[in-house]
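Asks: Sequence order for the protein chains is W and F.
If you use the working numbering, the first sequence corresponds to residues 1 to 267, in order.
If you use the working numbering, the second sequence corresponds to residues 1001 to 1263, in order.
If you're looking for bench data, these hints aren't it; they were derived computationally from the structure.
All C-beta atoms in this analysis are idealised placements derived from N, C-alpha and C, irrespective of residue type, glycine included.
Errors might be hidden in some of the hints.
Here's a subset of chain F near chain W, in silico, CB distances under 10 Å, partners left out [claimed, not checked]: (1) V1103; (2) R1107; (3) T1110; (4) Q1155; (5) E1158; (6) L1159; (7) C1160; (8) L1163; (9) M1165; (10) G1178; (11) L1180; (12) D1181; (13) H1250; (14) W1251; (15) P1254.
If you anchor each label on the Cβ, the simulated ranges turn out as follows [said to hold, decoys possible]: (16) F:Y1019 to W:D247: 56 to 64 Å; (17) F:L1070 to W:T71: 55 to 63 Å; (18) W:Q20 to F:L1111: 44 to 52 Å; (19) W:M127 to F:Q1127: 29 to 37 Å; (20) W:Q20 to F:Y1097: 24 to 32 Å; (21) W:E126 to F:L1111: 35 to 43 Å; (22) W:G150 to F:Q1189: 30 to 38 Å.
Heads up, incomplete: computed chain F residues facing chain W, CB under 8 Å, no partners named [claimed, not checked]: (23) K1075; (24) R1101; (25) I1148; (26) D1150; (27) N1153; (28) E1156; (29) T1170; (30) Y1255.
Okay, here's what each chain looks like letter by letter:
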Amino acid sequence: MTTTYTKEELILKAENISLQYDKLILRDVNFEMHNIVRPGMHQGQVLSLIGRSGIGKTQLFKIMAGLIQPTTGTVKVGVEQQPVKAGDVGVVPQNYILFNHRTIMQNLEQGIANARVKKSAKEQEEMIKEYAAHFDLTDHLKKYPMQLSGGQRQRVSILQQVLTGNHFILLDEPFSGLDALVIDRVVELLLKVSTLDELNTLVIISHDIENSLAISDSAFVLAKEKDKEGATITQKLDLIQMGLAWDPEIRTKKPFIELVNQIKYML
Amino acid sequence: MKILKNLFSPFTTLPRSIYWVVVVSQLILVLALWQVFATGGLIPTPLKIGEAVIRIVTTAYFIDNFFASLLLTLKGMGISIIIALFISYLSLVPFFYPFARFVVKWRYLTLTGLIFLFTLLTSNGSQLKMSLLVFGIVPFFVTSLLHIIDEINVQEYELCKTLRMSNWQTLWEVVIVGRLDQVFEVMRQNFAIAWMMITMVEGLSMSQGGLGTMLIKSNKYIDLSTVFAVLIIILVIGIVFDYLLREMRHWLFPYTQLQVKKK
């Protein structure tokens, strides 16, 4: 598939990230991401960080979200390239944490309450209702999180972060524990979120190679190198350049299947 | 036969009707054994205790004492929970953390040894009872509340940070509002401790009456039927309040019912 696109300004840069607790968890993690521009549409970015369970993905996730400080290095986000701090980046954790004592409507209100752009109460309510309709959540606004299925809670969690106005949203294992049918809907939803704004950027941290690659335009493999302690980026894949991005039927294409197998072997 | 087998198998759930049959059968069995073995002995039989209960609850003397105890317990609980909440919430501020942890250790202090000190510090019997009650309950409340705070998933705090809440907003949302239902549960569980302590502290100043005073006076005259009757009344009132507080929790915090159902 040939598509016209250009890579513009730098919007995410991880530089010399290392994290050490009792042992070295992450070592020399470096990667960057540019704003991808396609004429005539809002084209956001979807980046996958793929790695085995226990390799340090969640720690990298927390560093990128500004929730923990790395031992060395910095993560800079946005066109201004400011060092990340908590609140700059939206986070959708693996178990879709929500405020269980609040209804879905109230949870979403919490998302919009401290949004980048201040809105009146009426505007906030209208915005929530509009987005809830997009996310197929209108019928659940009066319910409590405990009354929703895993997939529905995930949608609320994503929408809550979208409403904060953050362009960056990190998703920790978004396909984990979901059945095939729900995964297809999640993929559809993530693509929808990524194209809501030109600068919207989703970072998927997952061990699910196939689903992650299928919706990404870039992918980095987080793994350990032989005889070296700590995980690092061992492979960077530009899926657009490889002709493996933005194709709804990509899962059936031979080069894609080969790439998935190749990464499986590397992990 | 299958029901009988289920009765003695671990991890099996009985139908509600069978459960109540088991409860009533066991109660009847215990009362029957009690009646048989206590007849002619020092311990009063269930029938005699039953008669004493009916005699006591119909007197104005009981009503006065019951309300004296209940009022003191509720007042003590109210003051204790406010103090305990204040200490527990402050425990999240590093300066106050050691103090909160120290209060937890007060559970091991015996009130008996502190009566003299509290007598000096208070000006009348009513104040003495209240102070001892509050001092006795607060460490148990703080222990339970700190456990709730310790159990909060760190991801909830992280969620607040990603939603750009300040530390004080996070404290309000996650610890105060988010755990209010559990505070109610702590109150329910510790009502038993307060109710147990009430009879003890009432014995210190008997002029104002109360169920504790009734118990002590009956014990003094070895009126065991009345002693057992008062104990039964105390037990029943405790169970009723436990039920009322549980129902009130479900009514005030509807999502707690969902959590129960999910279990």
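Asks: Of the hints stated earlier, which fail here?
Replies: 1, 2, 3, 13, 14, 19, 21, 23, 24, 25, 26, 29
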